[in-house]
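**Student:** Starting from the structure of chain U, add chain C where the hints point.
Number of protein chains: 2
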Amino acid sequence: MQHKAINLNEKFARISDLWSPRVVAELNDYQFKLVKLQGEFVWHEHPDTDEVFLVIEGSMAIRLPDGEVSLAAGEMFVVPRGVRHQPYAQQVCQVMLVEPRGVVNTGDSGGEMTAPNDIWI
Amino acid sequence: MQHKAINLNEKFARISDLWSPRVVAELNDYQFKLVKLQGEFVWHEHPDTDEVFLVIEGSMAIRLPDGEVSLAAGEMFVVPRGVRHQPYAQQVCQVMLVEPRGVVNTGDSGGEMTAPNDIWI
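Order-wise, the sequence lines are chains U and C. The numbering used here numbers the first residue of the first sequence as 1 and each following residue consecutively. The numbering used here numbers the first residue of the second sequence as 1 and each following residue consecutively.
Please note that a few of the clues may not be correct.
Which copy is meant is left open, so a pair is good if it fits within one copy or across any two.
[What the hints assert, rightly or not] Calculated cross-link-like contacts (lysine to aspartate or glutamate; reagent style DMTMM-like; alpha-carbon spacing at most 20 Å):
1. K36 x D118
2. K4 x D50
3. K4 x E57
4. K4 x E75
5. K36 x D48
6. K4 x D17
7. K4 x E26
8. K36 x E75
9. K4 x D108
10. K36 x D66
11. K4 x D48
12. K36 x E112
13. K4 x D66
14. K4 x E68
15. K4 x E112
FYI, nobody ran anything at the bench for these hints, they're computed from the structure.
Just chain U, with the same shape it has in the complex (with noise of 0.2 Å):
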């Protein structure tokens, strides 16, 4: 039997919104999210979790208290717990999340660029 592979690609491909995190895998509790993202979001934390960007295609910054951190493809970062942040991109960037089930995308902040959560692709 041949176990299909999970090609990011392809699943990135199926994504047409911003800033609207698509679940692709589950490690125990912790899910790989993939989320296209361009423009600037809200500033937010996650007060329980450490959260991690992995940059597939294009490039994007995350602003942070005391400075920023740029990401080109093939760079990750992870915004500790806590730790207020504001991602941003000037072009479209195909970005990789992982932390644990149930994180919300604003974090603390909420509002109108709150996706939904758990939405498989």
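**Tutor:** Structure of chain C alone, referenced to chain U:
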């Protein structure tokens, strides 16, 4: 202050041995590890955790009890907890593993391919 991203290719360039995972990041109690594979690993399982394989460069496959899965760059697979598996690669393949801190590469099998754990790069 400019924070520094983790550049996967820079990290891989510093790994010269095979089958010996190096930690590049932690997300809560989970670790992101980079490893170069070539040849056949030992059949083994991790009784207590799932394990993610994400191919960054090259290609590999994982034999499973009921078949196998082929993985090219940009593809991932979750080996469920307790499922025996044997990774192998014809050419050198660069892989990111994600799993809880403390997971040993050879799982329940041990043997000479067991790598030291928690080695950061």
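**Student:** Now, for every hint given, state plainly whether the structure supports it.
**Tutor:** Results of checking the hints against the structure:
no., hint, in the structure
1, K36 x D118, "within (16 Å within a copy, 32 Å between copies)"
2, K4 x D50, "between (29 Å within a copy, 16 Å between copies)"
3, K4 x E57, "between (22 Å within a copy, 18 Å between copies)"
4, K4 x E75, "between (26 Å within a copy, 10 Å between copies)"
5, K36 x D48, "neither (24 Å within a copy, 33 Å between copies)"
6, K4 x D17, "neither (26 Å within a copy, 29 Å between copies)"
7, K4 x E26, "within (15 Å within a copy, 28 Å between copies)"
8, K36 x E75, "both (16 Å within a copy, 18 Å between copies)"
9, K4 x D108, "neither (36 Å within a copy, 25 Å between copies)"
10, K36 x D66, "neither (25 Å within a copy, 35 Å between copies)"
11, K4 x D48, "neither (33 Å within a copy, 23 Å between copies)"
12, K36 x E112, "within (17 Å within a copy, 43 Å between copies)"
13, K4 x D66, "between (43 Å within a copy, 13 Å between copies)"
14, K4 x E68, "between (38 Å within a copy, 9 Å between copies)"
15, K4 x E112, "neither (36 Å within a copy, 30 Å between copies)"
Figure legend: structure checked against the earlier numbered hints; hints not met, in rising order: 5, 6, 9, 10, 11, 15.
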